[in-house]
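Chemist: Each chain, letter by letter, is given below.
There are 2 protein chains.
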Amino acid sequence: MPAAKQNIERPWRILLVGSGGVGTMASYALEIGGKAEVTSVLRSTYDIVTKQGFSIDSVDHGRDIQGFRPSHITKTVPDMTTSDSKPFDYIIVATKNIPDIPPTVSDLIAPAVTPGVTSIVLLQNGLNIELPLVERFPTNVILSGVSLIGAAEINGSIKHDEPDFTRLGVFPNQTVDLEIAKASALHLIDAYNAGGKVEWIFDEDVSFSRWRKLLYNASYNVVAALTGIDVIRMRMSQFMIDDLIYPLIREIRAIAMAAGVVLPKDLELFFIKCDTHEGFFMPSMGQDCRKGNAMEIDTIVGAPLREADRLGVPAPTLRTCYNLLRSLQLKVKENKGLWTARFEAKNPYA
Amino acid sequence: MPAAKQNIERPWRILLVGSGGVGTMASYALEIGGKAEVTSVLRSTYDIVTKQGFSIDSVDHGRDIQGFRPSHITKTVPDMTTSDSKPFDYIIVATKNIPDIPPTVSDLIAPAVTPGVTSIVLLQNGLNIELPLVERFPTNVILSGVSLIGAAEINGSIKHDEPDFTRLGVFPNQTVDLEIAKASALHLIDAYNAGGKVEWIFDEDVSFSRWRKLLYNASYNVVAALTGIDVIRMRMSQFMIDDLIYPLIREIRAIAMAAGVVLPKDLELFFIKCDTHEGFFMPSMGQDCRKGNAMEIDTIVGAPLREADRLGVPAPTLRTCYNLLRSLQLKVKENKGLWTARFEAKNPYA
Numbered sequence: 001m002p003a004a005k006q007n008i009e010r011p012w013r014i015l016l017v018g019s020g021g022v023g024t025m026a027s028y029a030l031e032i033g034g035k036a037e038v039t040s041v042l043r044s045t046y047d048i049v050t051k052q053g054f055s056i057d058s059v060d061h062g063r064d065i066q067g068f069r070p071s072h073i074t075k076t077v078p079d080m081t082t083s084d085s086k087p088f089d090y091i092i093v094a095t096k097n098i099p100d101i102p103p104t105v106s107d108l109i110a111p112a113v114t115p116g117v118t119s120i121v122l123l124q125n126g127l128n129i130e131l132p133l134v135e136r137f138p139t140n141v142i143l144s145g146v147s148l149i150g151a152a153e154i155n156g157s158i159k160h161d162e163p164d165f166t167r168l169g170v171f172p173n174q175t176v177d178l179e180i181a182k183a184s185a186l187h188l189i190d191a192y193n194a195g196g197k198v199e200w201i202f203d204e205d206v207s208f209s210r211w212r213k214l215l216y217n218a219s220y221n222v223v224a225a226l227t228g229i230d231v232i233r234m235r236m237s238q239f240m241i242d243d244l245i246y247p248l249i250r251e252i253r254a255i256a257m258a259a260g261v262v263l264p265k266d267l268e269l270f271f272i273k274c275d276t277h278e279g280f281f282m283p284s285m286g287q288d289c290r291k292g293n294a295m296e297i298d299t300i301v302g303a304p305l306r307e308a309d310r311l312g313v314p315a316p317t318l319r320t321c322y323n324l325l326r327s328l329q330l331k332v333k334e335n336k337g338l339w340t341a342r343f344e345a346k347n348p349y350a
Numbered sequence: 001m002p003a004a005k006q007n008i009e010r011p012w013r014i015l016l017v018g019s020g021g022v023g024t025m026a027s028y029a030l031e032i033g034g035k036a037e038v039t040s041v042l043r044s045t046y047d048i049v050t051k052q053g054f055s056i057d058s059v060d061h062g063r064d065i066q067g068f069r070p071s072h073i074t075k076t077v078p079d080m081t082t083s084d085s086k087p088f089d090y091i092i093v094a095t096k097n098i099p100d101i102p103p104t105v106s107d108l109i110a111p112a113v114t115p116g117v118t119s120i121v122l123l124q125n126g127l128n129i130e131l132p133l134v135e136r137f138p139t140n141v142i143l144s145g146v147s148l149i150g151a152a153e154i155n156g157s158i159k160h161d162e163p164d165f166t167r168l169g170v171f172p173n174q175t176v177d178l179e180i181a182k183a184s185a186l187h188l189i190d191a192y193n194a195g196g197k198v199e200w201i202f203d204e205d206v207s208f209s210r211w212r213k214l215l216y217n218a219s220y221n222v223v224a225a226l227t228g229i230d231v232i233r234m235r236m237s238q239f240m241i242d243d244l245i246y247p248l249i250r251e252i253r254a255i256a257m258a259a260g261v262v263l264p265k266d267l268e269l270f271f272i273k274c275d276t277h278e279g280f281f282m283p284s285m286g287q288d289c290r291k292g293n294a295m296e297i298d299t300i301v302g303a304p305l306r307e308a309d310r311l312g313v314p315a316p317t318l319r320t321c322y323n324l325l326r327s328l329q330l331k332v333k334e335n336k337g338l339w340t341a342r343f344e345a346k347n348p349y350a
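Chain order of the listed sequences is U and F. Per UniProt numbering, residue 1 is the first one in the first sequence, and the count goes up by one each step. Per UniProt numbering, residue 1 is the first one in the second sequence, and the count goes up by one each step.
Isolated chain U, as found in the complex (with noise of 0.2 angstroms):
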């Protein structure tokens, strides 16, 4: 079986693709930990990480960490099709999942994937984003990661601050073994957690664990992505949770008990209370939103949507909110350059 022929010496060969705050803070905690060499693909930070390195301000590991550089850096990924290198052991997927936006991660990863011994592992938020990897990747582990973990990135400096807490298991639609895949995810938090300071823990349900998290990333994310308003300031209208977060998360866990998982009817207030940060918190879809960077919308609200169809449970407000992500997501790409509107195009309606 694929997996079996992972390498059981130390250190794991891994492969870490986006080094945002999550991508970067997994590549320290694998490094400290003595178990993981981490190769990380650096694209706008290549030049000032190998000059001084990455700083790191981290709740977890440490307020003043300077020079920080993973065992190798790359520009691309690496083609293991025409590389004499030993394979990686694990692919870790940390950028953003937006299927609707070039490249897939199918595409992005595939020349650094080996066939029967890559375990690929998608730190990553959303619904059905292991299905594209198990198709193209039939005999590789795919690994599930849902992260609370606070960490943001800019120019090569970290800023950690609400602790690394992931949950790392095994996606159920795979055609690998699954006890196979579990191993290997075993094999990753062991390498993971060496360091001390940080705690992941194997994750017995990826389905619940990934319905539970939308609960609140399909509902607080998508209306701070569509009204620019923080989490604070929605609880200060109520009729911001009243009328558009309540019946969202309700939608949600409808769809997701359709589907066979059963989230607590608690979740629903626990959602409504969480959050009370220190100041006026925007989720991370809002922060993308206002940017003009693309967001995750497929997967985070496209996926449970299209679930929602399948199952033929009413999702009115998810689908509205949907919609209107799209176009806010249609004028990210024009100002990319990935879609043109070209006035003098027939109206397909006249």
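Take the hints with a grain of salt, since some may be wrong.
Given that identical chains are not distinguished, each listed pair holds provided it fits within a single copy or across any two copies.
Quick list of in silico lysine-lysine cross-link-like pairs, DSS-like style, CA-CA up to 25 angstroms [what the hints assert, rightly or not]: (1) K273 <-> K331; (2) K333 <-> K96; (3) K75 <-> K197; (4) K336 <-> K75; (5) K333 <-> K291; (6) K159 <-> K213; (7) K35 <-> K213; (8) K159 <-> K265; (9) K331 <-> K35; (10) K273 <-> K35; (11) K291 <-> K331; (12) K182 <-> K333; (13) K291 <-> K159; (14) K291 <-> K273; (15) K331 <-> K213.
Just so you know, the hints here were simulated from the structure itself, not pulled from any lab data.
Following the hints, complete the assembly by docking chain F onto the known chain U.
Modeler: Structure of chain F alone, referenced to chain U:
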């Protein structure tokens, strides 16, 4: 009966409240006809108009009209209860109608309304806008003006580029005899058309006209405000028409039907095809939103939604859009000092 007391010797004494593009072109048409004497309430443009008058570039009246001044100019709504002037025959209200931001239309015009004499003309968009006025001024005629004019005002300069086509009619739900109200409407139309350049017509069915206009206003205006995307781009995307505009149009049509107003099904496609202006046309609510101005969401979106709830008609797309628009309006209110975000406020859900 009240309106019988109207001054039938010309000129009619008319108070115009709201001298944007629509209001100023109304004052111009009325003054050149010679059958009306207009008093305009000017706020931001009082000084410039006093000094040099309005300058007007009009598709109906001429491209280079300089120095137009209505017969009288005032900074505030005149208080007729303490004045010995003759009462106003008409008050034409051409402000935006935003009941959620004070003053209301009723409060604004109250000092100038002479009971039993003054006809109140609401040259404004939206549904059920007459109800507060009928209640407040039960002895006054309340008239409906539904305008298709395209005219904008900036610092006393008017750009009027879509012809003034306005239906003036009688709101059915009023306490004054409807025949008297109709006579009042016909007198005003006569005065309006006297200049020979524009033709207002009598509106035999105000409810139909207002619901019909909502097909556009509660769809394109709403989506433009929520997304910042113009009508041409909406069409080019296709999904914005299919998944947002069409559902909104269908919901409005269904609510109207339940309210006893039959909008022919052909109108759905008519409003998909209309608006083939040159260039990328941004509906007015989209312009307001972009400029941070308050929006007419209560009269254009809230009012039909309340009808839907009263009549038991599902309107899920309209409901979600309404609540998102209320959220955007909350930001406008905060910027205007009408709502304050206090972090120390108790989380009402904790």
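Chemist: Hint by hint, note whether the structure agrees.
Modeler: Status of the hints after comparison with the structure:
{"no.": "1", "hint": "K273 <-> K331", "result": "between (33 angstroms within a copy, 23 angstroms between copies)"}
{"no.": "2", "hint": "K333 <-> K96", "result": "within (15 angstroms within a copy, 34 angstroms between copies)"}
{"no.": "3", "hint": "K75 <-> K197", "result": "neither (29 angstroms within a copy, 69 angstroms between copies)"}
{"no.": "4", "hint": "K336 <-> K75", "result": "within (21 angstroms within a copy, 48 angstroms between copies)"}
{"no.": "5", "hint": "K333 <-> K291", "result": "both (13 angstroms within a copy, 23 angstroms between copies)"}
{"no.": "6", "hint": "K159 <-> K213", "result": "within (23 angstroms within a copy, 52 angstroms between copies)"}
{"no.": "7", "hint": "K35 <-> K213", "result": "neither (30 angstroms within a copy, 68 angstroms between copies)"}
{"no.": "8", "hint": "K159 <-> K265", "result": "neither (34 angstroms within a copy, 57 angstroms between copies)"}
{"no.": "9", "hint": "K331 <-> K35", "result": "neither (44 angstroms within a copy, 50 angstroms between copies)"}
{"no.": "10", "hint": "K273 <-> K35", "result": "neither (39 angstroms within a copy, 64 angstroms between copies)"}
{"no.": "11", "hint": "K291 <-> K331", "result": "both (12 angstroms within a copy, 18 angstroms between copies)"}
{"no.": "12", "hint": "K182 <-> K333", "result": "neither (38 angstroms within a copy, 53 angstroms between copies)"}
{"no.": "13", "hint": "K291 <-> K159", "result": "within (18 angstroms within a copy, 34 angstroms between copies)"}
{"no.": "14", "hint": "K291 <-> K273", "result": "neither (27 angstroms within a copy, 34 angstroms between copies)"}
{"no.": "15", "hint": "K331 <-> K213", "result": "neither (27 angstroms within a copy, 28 angstroms between copies)"}
Violated hints for the displayed structure, listed by number in ascending order: 3, 7, 8, 9, 10, 12, 14, 15.
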